[in-house]
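Trainee: Single-letter residue listing:
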Amino acid sequence: MDTGPVVVVGAGQAALEATAALRAGGHTEPITLVGAETVPPYARPPLSKGFLTGRVGTDELWLRPESFFARQDVTSVLGDPVVEIDRDADRVRLASGEWIGYGTLILATGSSPRRLSVPGAGLEGVVALRSLSDAEELRCALREAGDLLVVGGGFIGLEVASVARGLGLRVTVVEAGPRLMGRSVGGTLSAHLAALHRAGGTRVLLERELVALRGERGRVQVAELNDGTRLAADVVVVGIGALPNTALAAQAGLTTGNGVVVDRWLRTSGRNVYAIGDCARFPTPHAARPVRLESVQNASDQARCVAAGLTGNRRPYTSVPWFWTEQCGVRVQMAGLTLPHDRAVVSGSAAEGRFTVFRFRDGRLVGAESVNRSADHMITRRLLADGAAGPAPDEVARPGFDIRRHLSRTG
Amino acid sequence: MAKITYKHPDGTETVVEVAAPNTVMRGAKLNNVEGIVAQCGGSAQCGTCHVYIDEGNRLPLPEMHEAEDDVLYGTASERRPTSRLSCQLPVSEDIDGLVVHLPPTQT
Chain A
23 MDTGPVVVVG
33 AGQAALEATA
43 ALRAGGHTEP
53 ITLVGAETVP
63 PYARPPLSKG
73 FLTGRVGTDE
83 LWLRPESFFA
93 RQDVTSVLGD
103 PVVEIDRDAD
113 RVRLASGEWI
123 GYGTLILATG
133 SSPRRLSVPG
143 AGLEGVVALR
153 SLSDAEELRC
163 ALREAGDLLV
173 VGGGFIGLEV
183 ASVARGLGLR
193 VTVVEAGPRL
203 MGRSVGGTLS
213 AHLAALHRAG
223 GTRVLLEREL
233 VALRGERGRV
243 QVAELNDGTR
253 LAADVVVVGI
263 GALPNTALAA
273 QAGLTTGNGV
283 VVDRWLRTSG
293 RNVYAIGDCA
303 RFPTPHAARP
313 VRLESVQNAS
323 DQARCVAAGL
333 TGNRRPYTSV
343 PWFWTEQCGV
353 RVQMAGLTLP
363 HDRAVVSGSA
373 AEGRFTVFRF
383 RDGRLVGAES
393 VNRSADHMIT
403 RRLLADGAAG
413 PAPDEVARPG
423 FDIRRHLSRT
433 G
Chain B
4 MAKITYKHPD
14 GTETVVEVAA
24 PNTVMRGAKL
34 NNVEGIVAQC
44 GGSAQCGTCH
54 VYIDEGNRLP
64 LPEMHEAEDD
74 VLYGTASERR
84 PTSRLSCQLP
94 VSEDIDGLVV
104 HLPPTQT
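Listed in order, the protein sequences are those of chains A and B.
Take the position in the first sequence, starting the count at 1, then add 22; the result is the number in my numbering.
Take the position in the second sequence, starting the count at 1, then add 3; the result is the number in my numbering.
Keep in mind that the hints are not guaranteed to be accurate.
The following label-pair restraints were derived from C-beta to C-beta distances [unchecked claim]:
(1) Lys-6/B - Gln-243/A: 52 to 60 Å
(2) Glu-146/A - Lys-6/B: 28 to 36 Å
(3) His-11/B - Gly-144/A: 49 to 57 Å
(4) Glu-66/B - Arg-239/A: 48 to 56 Å
(5) His-11/B - Glu-51/A: 40 to 48 Å
(6) Glu-66/B - Leu-189/A: 29 to 37 Å
(7) Asp-57/B - Leu-228/A: 47 to 55 Å
(8) His-11/B - Arg-337/A: 32 to 40 Å
(9) Asp-110/A - His-11/B: 40 to 48 Å
By construction, these hints were calculated from the structure, which means they are not laboratory data.
All values reported here derive from a predicted model rather than from experimental measurement.
Even for Gly, the Cβ is constructed at its ideal location relative to N, Cα and C.
Using the sequences and the hints given, assemble the complete structure.
Mentor: As structure tokens, this is what we get:
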């Protein structure tokens, strides 16, 4: 396929994987990767986990060695973001004013953390974790802090809470909803995680909202909640979700709406313009409606899907979504998109800390949430990928159920 | 330092020197060896750094722990008796000369 020069907007996981997959697939046209950050592409998952304790060093974050760009003949422009797409002339303008022409444009602009809107949100010590520099700031702050407040009981907030307890801080998690990770997992797993965090000494406050942060000399000290509670806080981590970076696409007249809208082949409404990763909203056989997902799996698989299409192996994007998190020393893995579902069956033992919640819609397996049960997770992923029927709810409910028996039925 | 050979499905191979502390997965990344995806970055969560240890291997490899064994149940390419997650194989002089085969697909 004649793609012309490829320009990738963004320099995160999706952007990097797209360039690597293009070259690995034999693509020989010029490729330029343009990012806003001054550092080369890095892995974000460790930023809320091992990076904060120092177990994972900065050197371990880089997705490729320095030599990658020269060896693969990829031009990287870092610290000089794309500020305009001129679709009539098939070119993009950088902040520095330079124009770069493209034959194919791949938008991998990512997402940005939702910001707090309460008084005091701008105080020093209030961190929304997204970038390497955010993580470096937080790592320093945690070393000197005594009291951490986590706003939002989602993936990032809970991972940071877990790390901070390990470092000996007093930790409070404030979540506006009735349970932890409420948008991502079911009630059984929410309750299990809340119990683990509480057993570890973290205060978990549900259905409570932050109304103000107060500080002295510009630095946060106290948080006020809507029930009047006042909490000491020398560091506040804001983990209340992320918004897709769609401004460039919208300004260029591409269809947007909770993300850059793409079709099954990850094509935007614009000619020769694709969108992948956190910023893209796409149809999937795993959900009734188009979705937008923030995960490494999604970034990496979408990147490879677009690259395959551009190197003569066009196929729709159908990958099984999966997620993982590490909190309180347990491995939590989620396969499939399980909302809505009409039946949940638990296999294993929550009391022993090893279980999987299998979820069904119309009697059919649509996903699983596993705690320290990776085989359940992996086999569920495989069954969903193969479109296999998988176990029936009643079968899972029987004592001694072992999903490994379903392995032989898969490809 | 250890010499690691990555054999690609098309029959070609890449031979690299990898310094400790690193893993066989990281050795591939650091040396631009494609064919290992490693979506989870080395946490034994994703099963996309799957390799087959060469049949003739006599070098001492760490025993497989439960999480690795569990994850290998769901790899995209078939699991064989020689299957390992390369993120769980630390590089040391003990494995100098290791030969691993990359599977046809990781995802």
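Trainee: All hints are to be evaluated individually against the structure, with a verdict given for each.
Mentor: Status of the hints after comparison with the structure:
no. : hint                             : in the structure
1   : Lys-6/B - Gln-243/A: 52 to 60 Å  : 56 Å, holds
2   : Glu-146/A - Lys-6/B: 28 to 36 Å  : 50 Å, violated
3   : His-11/B - Gly-144/A: 49 to 57 Å : 52 Å, holds
4   : Glu-66/B - Arg-239/A: 48 to 56 Å : 55 Å, holds
5   : His-11/B - Glu-51/A: 40 to 48 Å  : 23 Å, violated
6   : Glu-66/B - Leu-189/A: 29 to 37 Å : 31 Å, holds
7   : Asp-57/B - Leu-228/A: 47 to 55 Å : 53 Å, holds
8   : His-11/B - Arg-337/A: 32 to 40 Å : 22 Å, violated
9   : Asp-110/A - His-11/B: 40 to 48 Å : 43 Å, holds
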